[in-house]
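Q: Sequence:
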Amino acid sequence: MTDLTKVPVTVITGFLGSGKTTLIRHLMQNPQGKRLAVLVNEFGTVGVDGEILKSCADANCPVENIVELANGCICCTVAEDFIPTIEALMAMPQRPDHILIETSGLALPKPLLKAFDWPAIRSRITVDGVVALADAEAVAAGRFASDVAAVEAQRAADDSLDHETPLSEVFEDQIACADLVLLTKADLAGEAGLAAARGVIEAEAPRKLPILPVSEGVVDPRVVLGLNAAAEDDLAARPSHHDGHDDHEHDDFDTVVIELGEVADPEALQAAIIRLAREQDILRVKGYVAVAGKPMRMLVQAVGARVRTQYDRPWGDTPRATRLVVIAEHDKVNEAAIRTVLEG
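Numbering (my numbering), first residue to last: 1 to 344.
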C-alpha cells in the first residue's frame, strides 16, 4: 500500500446488544490477510467492549491498534478524539490496511460520515461501507433493541446525545445510512422472525439493501469488507431525520496555511496557538517549526487549546521554514487575524 492509497474504514452501527463487538471479534479472527485497527465508541460499556477485543489481539490487529473513545458520541467529539485518533493510526510504523469503527449504539451514523470530509483526513481514508446490525428477534417484535431499558440507560449516561430522539428514529437513521444490514441472533428469531424483521427493514430502507441473517457474528469477511461504497461521497442517498439540523454538521470547514520564518521562542508560539483556540475558535493546528539555533525541526500538533510538540528529525538539506496548517469552521477563518497572533 502506497502513501497515496486511501485506507478503507468500515463503520459498524446498531443498538446496544445487537452484536457489534461479536462481529468485530469475528473479523479480527478472520482478517483475510489484512492488518486491522479498531476504534470502539460504545459509550457506557466501552471498557467492556475494549477489553473483549483486546483479548483477541494478535499480529493482524495488535493491542496498540485497538483504541477506545469514551468521551461520548464520536461525531460530537470529532476535533478532540476522532481526528487525532485517525491521524495517530495513520502515523504508525505499520499503517493499518483497514479500520473498523464500532459506534455508540445511539450515535447517528450520517454525521460521522460527514467527519470524513475534514481536511486533516479526507485525502487519506474512505468509508468502505456502513454496516448496520439489527437484532432480528427484537425488530420483529417492534422493540428495535433486545434490552430497551439498557439502551435508555446508555442514552441517559451520555450528555452529548439528543435525549428526545425516539429509538425508532435512531433505528431508521441507522438503516437509511447502511450499505449492508446484518440481522443478528438469527438462530433465536427463527424463520418467521427473520421474515418479519426483513419486512420492517425493507419498509424503512430508502433504497434496496442486502439483508443477511447472522448468528454469533459469523459472516464471511469478504461480504463485510471491500464494499467500496465511498459513503462519504454518497450522503444524498442516505437521508436522516436530522438533515438540515445545525447539530452534528461537520462539513463546513476551511484550511489556511501560514508560513513563517525561523521562530526564536517556541513557547511563545505554543501560547499563540492556545490563543487562537480560545479567541478565534480554531480547531486544529499542525505543521513543522524551524526553531532558531536548533538543528532539528519541531513537529506541532494542536487540538483546540491542547498543544503537543516534539523534535522529530534533523532538517538536513530541507530548507528551514515554519509551515502551519490551521483548520476551523468557514466563518471562523480569518487569515490576517490568525497570522497576527502567530507572528506575535
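These aren't lab readings, by the way, just hints derived from the structure by calculation. Do not take every clue at face value.
Capping the alpha-carbon separation at 30 Å, the derived lysine-lysine pairs in DSSO-like fashion look like this [claimed, not checked]: (1) K208 <-> K286; (2) K34 <-> K6; (3) K6 <-> K286.
Q: Work down the list of hints and note, for each, if the structure agrees.
A: Checked hints:
1. K208 <-> K286: violated (42 Å)
2. K34 <-> K6: holds (14 Å)
3. K6 <-> K286: Cα-Cα ~21 Å, so holds.
Hint check: a violation occurs at hint 1 only; the rest are consistent with the structure.
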